[in-house]
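Asks: Protein sequence lines correspond, in order, to chains C and G.
Taking the working numbering as reference, the numbering of the first sequence is continuous, increasing by one, and the terminal residue is 311.
Taking the working numbering as reference, the numbering of the second sequence is continuous, increasing by one, and the terminal residue is 391.
Hints are computed from structural coordinates only; laboratory data are not their basis.
Treat each hint with caution, since some may be false.
Unchecked claim - Beyond 10 Å from chain C on every Cβ pair, some chain G residues (computed):
(1) Ile-171
(2) Gly-185
(3) Ser-225
(4) Thr-227
(5) Ile-244
(6) Asp-247
(7) Arg-252
To be verified - To spell it out: a stretch of chain C is covered by chain G in this simulated footprint if at least three of its residues, at any positions, have a beta carbon under 8 Å from a beta carbon of chain G; those stretches are:
(8) 211-222
(9) 227-239
Think of the CB as a built atom: it goes at the ideal place given N, C-alpha and C, for glycine as much as any other residue.
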Amino acid sequence: MANTVIGSTIVVDGEISGDEDLVILGTVKGQISLRENILVERDGVVEANVETATITVHGSVTGDIHASDRAELRADCRVVGDIHAPRILIADGASFKGNVDMDS
Amino acid sequence: MSALARTAGDDDLTGETVVGPEIAIRGRIEGEEDLRVEGRVEGSVSLTETLYVEPEGVVLAQIEARDVVISGIVIGDIAAANSVTLNRNAKLVGNISAPRVIIADGASFRGDVVMDHEDFQQPVRERTRARETVPRTSVGSTGRSTARRATAVSPTRRETPVPAAAHREVAPRRAERAVESPSSRTVPSPSRRGSDDDDVTVVIKHAALRKGEAPPEEEDKEPKRRRRRAKKSARMPARGRSKAGRRKS
């Protein structure tokens, strides 16, 4: 369950950090560092370097992703940037450009 | 109205943005929906809706919002379009600018409060604008066209028109405008046109009066010609007469 929601009309320009789940429906620019799960919803836009345990992307992410557990790129997502994660899932229909590194 | 929207937003989590208790955001947040801060926000917040700072929430930021409801801690200036509410356990250090400020018993606050209503200025502005439009355009255009006409008729005598003549011209010109092209005026409201009609009657009288002093060939059918001849006669009767004769032939 997610406690923190960035709503669809919200733009955050800066740094988000913390220890709980984050759902992004709006726009986040800058930097995200969490120890929990990030869910980027269909219309969510992330232009940031992301550090997290797991990330699930339905929307758009521009920036490097460092996931300590898992990165999921779902269908219709758009990701530009490098991904570092021990487990990486890219669904059919996902669009991705960047490096993948699965060394843990 | 806003209260209803707010309760609906509370039930539906996707309708608002929540910064959870374990989250810290540093930077700028802007948006068009409610923002509920249970964690920590530093930087600036700019919303078109309501900012709620919950009891555990800490906001160190410049805040712009329609409404701000504080139950936690806020350090920074607040500019609210509608209201700022400090609940029982709120702590605020900073200045408040809002038409409505509510401070509950038990809240702690240090800073200035300004309750200016910006709404007052707008109706005044509109009123002055409406009043000025008519005289400005009519007078301004008359003056301009008068100068142009003078040049066209007699470049050498441009300075000759006496103030008296100019004054006389103002009224006829305005009236003719109303008759010939009322749509050319910027904002002709019905009431204004009514006052112009009053001017028209005045003008006709003036023209009739001027007929006496004007050259003998003053048997006008068109208002345009009447204007020209009248002006010329006022400025320099002899020359005007000769020129008018020339033009006819």
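Asks: Does each hint hold? Answer for all of them.
Replies: Hint-by-hint comparison with the structure:
Once the 10 Å rule is applied to beta carbons, Ile-171 (chain G) is inconsistent with being away from chain C; the minimum gap is 5 Å. Gly-185 (chain G), annotated as away from the interface, has a beta carbon of chain C within 10 Å; the closest lies near 6 Å. Look at Ser-225 (chain G): its CB is around 21 Å from the nearest CB on chain C, clear of 10 Å, so calling it non-interface holds up. With 10 Å as the threshold on Cβ separation, the claim that Thr-227 (chain G) sits away from chain C holds: the shortest Cβ distance comes to roughly 21 Å.
No beta-carbon of chain C is positioned within 10 Å of the beta-carbon of Ile-244 (chain G); the least distance is around 25 Å. Here Asp-247 (chain G) stays apart from chain C, with its beta-carbon at least about 31 Å from theirs, past the 10 Å limit. Remark: the non-interface label on Arg-252 (chain G) is consistent with the geometry, its nearest Cβ contact in chain C lying 27 Å away (cut-off 10 Å). Remark: the segment 211-222 of chain C is confirmed as covered by chain G, as 12 of its residues place a Cβ nearer than 8 Å to a Cβ of that chain, reaching the required three.
Counting residues of the segment 227-239 of chain C whose beta carbon lies closer than 8 Å to any beta carbon of chain G gives 6, which reaches the threshold of three, so the coverage claim holds.
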